[in-house]
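Enquirer: Work out the full structure: start from the sequences and follow the hints.
In numbering that gives the first Met the number 0, the protein residues as written are 0 to 195.
Treat the hints loosely; a few may be bogus.
Heads up, simulated BS3-like pairs for lysine-lysine below, C-alpha to C-alpha not over 30 Å straight-line [unchecked claim]:
hint, residue 1, residue 2
1, Lys-192, Lys-44
2, Lys-98, Lys-192
3, Lys-95, Lys-44
4, Lys-44, Lys-136
5, Lys-95, Lys-174
6, Lys-44, Lys-139
7, Lys-98, Lys-44
8, Lys-174, Lys-192
9, Lys-187, Lys-98
10, Lys-192, Lys-95
11, Lys-174, Lys-187
12, Lys-187, Lys-44
13, Lys-174, Lys-98
For the record, the hints were derived by calculation from the structure and aren't laboratory data.
If you're wondering where the values come from, they're calculated on a predicted model, not measured in any experiment.
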Amino acid sequence: MGIILYSIYLSISSPSALSFSFIFLSIYIFPLLAFRILNFFAPIKEGVSDILNDRFSPWWAGHQIQMLFISIPSLEAILRIIPGLFSLWLRCWGSKVGKRVYWTPGSVHYDRNLLRIGNGVIFGERSTTVCHVITPKDGKGLLRIKFIEIEDYAFIGAGCVLSPGVIVESGVMIKAGTDVYPMRRVTKNGEVKIDD
Numbered sequence: 000m001g002i003i004l005y006s007i008y009l010s011i012s013s014p015s016a017l018s019f020s021f022i023f024l025s026i027y028i029f030p031l032l033a034f035r036i037l038n039f040f041a042p043i044k045e046g047v048s049d050i051l052n053d054r055f056s057p058w059w060a061g062h063q064i065q066m067l068f069i070s071i072p073s074l075e076a077i078l079r080i081i082p083g084l085f086s087l088w089l090r091c092w093g094s095k096v097g098k099r100v101y102w103t104p105g106s107v108h109y110d111r112n113l114l115r116i117g118n119g120v121i122f123g124e125r126s127t128t129v130c131h132v133i134t135p136k137d138g139k140g141l142l143r144i145k146f147i148e149i150e151d152y153a154f155i156g157a158g159c160v161l162s163p164g165v166i167v168e169s170g171v172m173i174k175a176g177t178d179v180y181p182m183r184r185v186t187k188n189g190e191v192k193i194d195d
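Expert: Okay, structure coming up:
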């Protein structure tokens, strides 16, 4: 955060193309590089762990690095103006994203590194993907991390919420406002199956 504030100070005190490019680098490139370095030394893995213990959690550290984009969604909405740029952005974080994916400006994607998106997928306005869930149980905070996989030419309706471990089969159209709970498979014939 200090880097961002310093770059803003520089651009106000001595405006130049260099100072404005420093703002861009500090907002977009610095968090991305920090995340990639973290993921190199302590990769975020699928599975279940206790988030409340004293051990270091790579997911928690990665989540804090992404907090700027979670808190100010317009920073990523800007990237959706140029076709393909938001897909490239997610690939840089570690997601696998196919070609011709349409992201509406209001769609929200937590855990930018845990998405597996096929070709031609469409995300409706205010649709959300969350690849983690924390469940309190026996005095523990059980953190479950699992990829979300959306196969080719699926349609995710406005206001849908996709949870950890969800698989949406090719060509499936999920209607607006649907919540797909963790570890579910949405099939071509409209069934939602538990896929644990």
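Enquirer: None of the hints should be skipped; say for each whether it holds.
Expert: Cross-check of the supplied hints:
1. Lys-192 / Lys-44: 24 Å, holds
2. Lys-98 / Lys-192: OK: Lys-98 and Lys-192 at ~27 Å, within 30 Å.
3. Lys-95 / Lys-44: Holds, because 15 Å separates the two Cα atoms, which is no more than 30 Å.
4. Lys-44 / Lys-136: 21 Å, holds
5. Lys-95 / Lys-174: 24 Å, holds
6. Lys-44 / Lys-139: 19 Å, holds
7. Lys-98 / Lys-44: 25 Å, holds
8. Lys-174 / Lys-192: 16 Å, holds
9. Lys-187 / Lys-98: The hint holds at about 21 Å.
10. Lys-192 / Lys-95: 24 Å, holds
11. Lys-174 / Lys-187: 13 Å, holds
12. Lys-187 / Lys-44: Holds: Lys-187 and Lys-44 sit about 29 Å apart, inside 30 Å.
13. Lys-174 / Lys-98: Satisfied, since the Cα-Cα distance of roughly 23 Å is no more than 30 Å.
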